[in-house]
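*Asks:* Assemble the whole structure, with the sequences as input and the hints as a guide.
Number of protein chains: 2
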Amino acid sequence: MTQDPLVVFTPSGKRGRVPAGTPVLAAARQLGVDLDSVCGGRGICSKCQVAPAFGDFAKHGIHSEPGALSEWNKVEARYHEKRGLAEGRRLGCQAQIMGDVVIDVPAGSQVHRQVVRKDATARAIAMDPATRLHFVEVGAPDMHEPTGDLERLERALKAQWGIAGIRAALPLLAQLQPALRKGDWRVTVALHRRAADAVPELVAIWPGLHEDGIFGLAIDLGSTTIAAHLTDLDTGAVVASAGIMNPQIRFGEDLMSRVSYAMMTPGGALEMTRSVREALSTLISEIAHEAKIDPALILEATFVCNPVMHHLLLGIDPVELGQAPFALATSSALDLGADELGLTSLPACAQVYLLPCIAGHVGADAAAVALSEQPGQSEDLVLVVDVGTNAEILLGDRERVLACSSPTGPAFEGAQISSGQRAAPGAIEAVRIDPGTKEPRLRVIGCPLWSDEPGFAEATAASGITGICGSGIIEAVAEMRIAGLLDAGGLIGSAEQTGSARSIPEGRTHAYVLHDGRADGGPLVTVTQGDIRAIQLAKSALYAGARLLMDTRGVDRVDRVVLAGAFGAHISPLHAMVLGMIPDVPLDKVSSAGNAAGTGARIALCSLAARRQIERDVHAITKVETAIEPRFQEHFVAANAIPHASDPFPELSRHVTLPDTRFNAHAEGGGRRRRRRG
Amino acid sequence: MTQDPLVVFTPSGKRGRVPAGTPVLAAARQLGVDLDSVCGGRGICSKCQVAPAFGDFAKHGIHSEPGALSEWNKVEARYHEKRGLAEGRRLGCQAQIMGDVVIDVPAGSQVHRQVVRKDATARAIAMDPATRLHFVEVGAPDMHEPTGDLERLERALKAQWGIAGIRAALPLLAQLQPALRKGDWRVTVALHRRAADAVPELVAIWPGLHEDGIFGLAIDLGSTTIAAHLTDLDTGAVVASAGIMNPQIRFGEDLMSRVSYAMMTPGGALEMTRSVREALSTLISEIAHEAKIDPALILEATFVCNPVMHHLLLGIDPVELGQAPFALATSSALDLGADELGLTSLPACAQVYLLPCIAGHVGADAAAVALSEQPGQSEDLVLVVDVGTNAEILLGDRERVLACSSPTGPAFEGAQISSGQRAAPGAIEAVRIDPGTKEPRLRVIGCPLWSDEPGFAEATAASGITGICGSGIIEAVAEMRIAGLLDAGGLIGSAEQTGSARSIPEGRTHAYVLHDGRADGGPLVTVTQGDIRAIQLAKSALYAGARLLMDTRGVDRVDRVVLAGAFGAHISPLHAMVLGMIPDVPLDKVSSAGNAAGTGARIALCSLAARRQIERDVHAITKVETAIEPRFQEHFVAANAIPHASDPFPELSRHVTLPDTRFNAHAEGGGRRRRRRG
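For the protein sequence lines, the chains are A and B, in the order given.
Quick note on the numbering used here: the first sequence kicks off at 1 and runs consecutively.
Quick note on the numbering used here: the second sequence kicks off at 1001 and runs consecutively.
Rather than coming from a laboratory, the hints here were simulated on the basis of the structure.
As the structure is a prediction and not an experimental result, all values here were calculated from the model.
One or more of the hints may lead you astray.
[Said to hold, decoys possible] Listed next, with one range per pair, are the computed distances between beta-carbon atoms:
{"hint": "1", "chain 1": "B", "residue 1": "1199", "chain 2": "A", "residue 2": "237", "range": "31 to 39 Å"}
{"hint": "2", "chain 1": "B", "residue 1": "1199", "chain 2": "A", "residue 2": "142", "range": "29 to 37 Å"}
{"hint": "3", "chain 1": "B", "residue 1": "1198", "chain 2": "A", "residue 2": "237", "range": "33 to 41 Å"}
{"hint": "4", "chain 1": "A", "residue 1": "151", "chain 2": "B", "residue 2": "1344", "range": "27 to 35 Å"}
{"hint": "5", "chain 1": "B", "residue 1": "1198", "chain 2": "A", "residue 2": "557", "range": "48 to 56 Å"}
{"hint": "6", "chain 1": "A", "residue 1": "278", "chain 2": "B", "residue 2": "1080", "range": "53 to 61 Å"}
{"hint": "7", "chain 1": "A", "residue 1": "13", "chain 2": "B", "residue 2": "1167", "range": "38 to 46 Å"}
{"hint": "8", "chain 1": "A", "residue 1": "151", "chain 2": "B", "residue 2": "1073", "range": "52 to 60 Å"}
{"hint": "9", "chain 1": "A", "residue 1": "586", "chain 2": "B", "residue 2": "1198", "range": "50 to 58 Å"}
{"hint": "10", "chain 1": "A", "residue 1": "142", "chain 2": "B", "residue 2": "1648", "range": "31 to 39 Å"}
{"hint": "11", "chain 1": "A", "residue 1": "142", "chain 2": "B", "residue 2": "1557", "range": "25 to 33 Å"}
Idealized CB from N, CA, C, for every residue including glycine.
*Replies:* Structure (structure tokens):
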């Protein structure tokens, strides 16, 4: 008796014997190998491409001859003629296994392919999308056996895909009959599952084989900015990114001003809900237009945001978040229809997923950072700070993860800064000040040169030097401190005290001139005493939040720090530490994670398994409420000094010695003002 | 050892021993006795009222003494003081069983109480509503154990009601926090289950105990009229009924004209969808206003309608229903949100159930008639005809049920009739013509007197005699046939041929004057030759449909006939048979079921079990498509004569002898015109 052929699939290593003549796709399904197919084995979608390997494979104990796969049949030949198959590739649904063979499933043919993040800390995401395409041939109606078209589609999905039962909302029901007839009873359906075992929802239908892909949006809805990443739901690739200012800013710069607006203004919450939903619709239209993608192909969106943004997006009055005990209306992850959120530029049946919130002040954005940075998987104790108008702070390792949110205000984003501006061409993004001459060197966005390098003036002529962005102000303040222009209390010295003519009087305080463009009709860009106070408030809140977590954990140092946030990648670790934004650690233990919250949104967009993971993980996170913790105020006040009134910074002092200047014996710290959260 | 007390519940007869001190409500739950409670045993809702019985109960083998129940406790006493408990009643949640006792659960305390229909054919509906109230005490938020309010509500429902998990749409999430706080963490929630084992949906929330009831609408959406019954979801009682014309009439009187309008007019289907949804919203507002019920308390609606109305209500282009093979977009029952249907006068979270369709021309209205009249439970062979613009016809017994739909047109509803009008005061609803004098007697809606009785003129002075309604035209035509004013071919004789001056010329044909009010400024109400033709078309379609079902079943007679439809109750069986609307059966075997489709909608509104039953039953019904069946045309032509060209009517001839007049040897039957469906 001849044995059935042995087939070994790589890279999975799964192996088994199948009867001669079994198509590769069927063998893969039988052996549990992840091999994609949209057309269900009709040889038209080419998603099941495989690369057979021939020769001796000692590792697998196989000798494979070219005849181990059947000759090209008509379907495969026609596909190759029309679309072209790469050298060495076969259609898994057509090629039959005739003898022992090793078959490689290339990444592009795997449903659960790995997507490697481009960020510094590369982490693979296994694709496990909630929305998938299925090509299906539906039976034509028969008057003598009357059934609805939907019921015949269901029958076909059951027979051809093993999918038992779907739901279809009215907008899809209205599209069903024309699509079936236009496609001559062959259609591609997009089915969305809210969970692996949930009844799939029909979210799109196209006549024939749909080949233009389907897309999703990962949206980071911040208090100040809204960022969206348009993502291919098949490959996980980001095809376009775009940002827009949150128009709610006109109702209040920080979160608590918006909560106050909702409390004080009848209909105020609704007004803010409408404004953010409109902005989202605009952003979605723009990003689709930019990527040249039909918005009708955007079938999903995931959202991360802080609790106030979360409630305002959902149309829930955030009043309870403005007062203890800061009760959320709901903390669970939410599955919604795009229509429920009034996202008019998405198809009505597009599905929306909101990550879970952790607590009244620790939102889905913090959950997203946890999903992206996985502090709970860290061997050493890691502090993750996601810097924004509100900072999300996580501290943890395999043993335990703690989280809090801290009201930094928008200063780190360049707002509430006298010469502040968004990170755009012309904005000062890096600053170095010579401690001897007290003269600054600058770099502006859009030009790689420093201002003392030849060609700088020409290169920046078009953009000009227009202001300071978030990372620029951090560097400027830190450099002023290093150069002795600013004392530990945060006071800018006068020209006499500092010996620099760039210290100019401004009312009863002083400002430091970074750039004077007035001769050319440009602005005078200075760092004022008010700017210093705003930065002090922000950095004190950040540091105090971190320290509160450390207290709760019972430690007074961390092993490493991850800086995340929209400009996390641009903050110099040295300067952050000079300012005292973060606790003292070796400088090489400070890394950047880019927009971790946005990455968390992307991960959730690409993977149902990741959604379930973060829904579990948030329950294990210890929430620390900064607003009611007396120690937070103490830490906040102590952190007002630059870098700190009492905590030592031994690692920092290996790299820089801060002058012990003191411009005013009675210098008043900025931290004693009563602050509102934000 | 003393035995635990024995408790016997009536009327269920369920019995068992429970430890002394067990509250009656707890004992009922333990023994599976249907005893209602909204407040969950807190002694505030009084839904669990019981009537203990004392004495000797030989039947149950029990002797029960007054001390068998505990004395009134404070809660019960306070309830009695504030609200009053009827003599002999106790609160089941407070009264404890102390000795052997017989406890009667009055109908009002049963969840699954029987609601007896008022119609002639009394049939009990067991209440099994999809939406129920639950009073619940929710834990207050705790900053140190942060959870959302929804999650705490879920926890409370689990602990207090054993309900594991609910869903809450955004409009309810937005109401949750204010309701919890206003009710001091006690709220009443309305939970809707689409199926007995489905996750309940939160559809309403009120602070504290909600005592104003909840309501549902049973809606019969007809081509010509829309009828709604506002129903108490607790008792099943109809608290108000109202009707409105279907405004789609302006797009076409019958179904096929509306399908044509959708085909010929871009946006036409959408326009009709909008118009019917607006009318429904108006109707709902009106009925709520009439019943003095806050529309926010209307949490459910069930719809029955024919397939074209079904698709237009759902926003689905009905074009496929205008051509073979008459494919429905979906035939299954549908669960929807009121917001999906744009029913703006209902709360956004109100739930809508559409009964299943049977086939492309046999809709949810036919399913509703089947649910109401249960032909499949009949011992003898019953023909059910639901008369409307489209007639739904069912034939069956325990062995098999067949169904078809027949395009009668709106003549039976008084439309397309020269003097036709809606059934309203002033409309002629009954007619008798003296075969000797050929003079008519009339009865009009709003007056119980016949026109030859004293006082008729005075009694009708206010309304006048304004036209003929559906039942009036049927009687008029039948009486004209009996009196020899109309021949078997449907031709009205001239004054010379009939010997009656009431036969007046009208063009080349004749009309019969029923009432001449012109002297008093009123109308001339006649039955014209055109009216006769319209009635002939309608009745031929009805009879042909019934015959087609009889052919398919292989019978040439039925045992009984049920006349249903908006005016089914008003049709005289004799006159219906003279016209040949229905097959010949003994007159006492013709009964009326009132608005059977509307009753089916009410049954589905009150009972989840009934929804599941009709969803199963429709699959067992044999659908017969009249539009493609050549025999339908043959039957239609033969049925054009009054009562019929060839079928004998022996039962009819026992009651009346029809004159064998023949006014024109070349009389042309009306049935040969090519007809459109509708």
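*Asks:* Next, verify each hint and record whether it holds.
*Replies:* These are the hints, each one checked on the structure:
{"no.": "1", "hint": "B:1199 with A:237: 31 to 39 Å", "in the structure": "holds, 36 Å"}
{"no.": "2", "hint": "B:1199 with A:142: 29 to 37 Å", "in the structure": "holds, 36 Å"}
{"no.": "3", "hint": "B:1198 with A:237: 33 to 41 Å", "in the structure": "holds, 38 Å"}
{"no.": "4", "hint": "A:151 with B:1344: 27 to 35 Å", "in the structure": "holds, 30 Å"}
{"no.": "5", "hint": "B:1198 with A:557: 48 to 56 Å", "in the structure": "holds, 53 Å"}
{"no.": "6", "hint": "A:278 with B:1080: 53 to 61 Å", "in the structure": "holds, 57 Å"}
{"no.": "7", "hint": "A:13 with B:1167: 38 to 46 Å", "in the structure": "holds, 42 Å"}
{"no.": "8", "hint": "A:151 with B:1073: 52 to 60 Å", "in the structure": "holds, 57 Å"}
{"no.": "9", "hint": "A:586 with B:1198: 50 to 58 Å", "in the structure": "holds, 57 Å"}
{"no.": "10", "hint": "A:142 with B:1648: 31 to 39 Å", "in the structure": "holds, 37 Å"}
{"no.": "11", "hint": "A:142 with B:1557: 25 to 33 Å", "in the structure": "holds, 31 Å"}
In the structure shown, no violation is registered for any of the earlier numbered hints.
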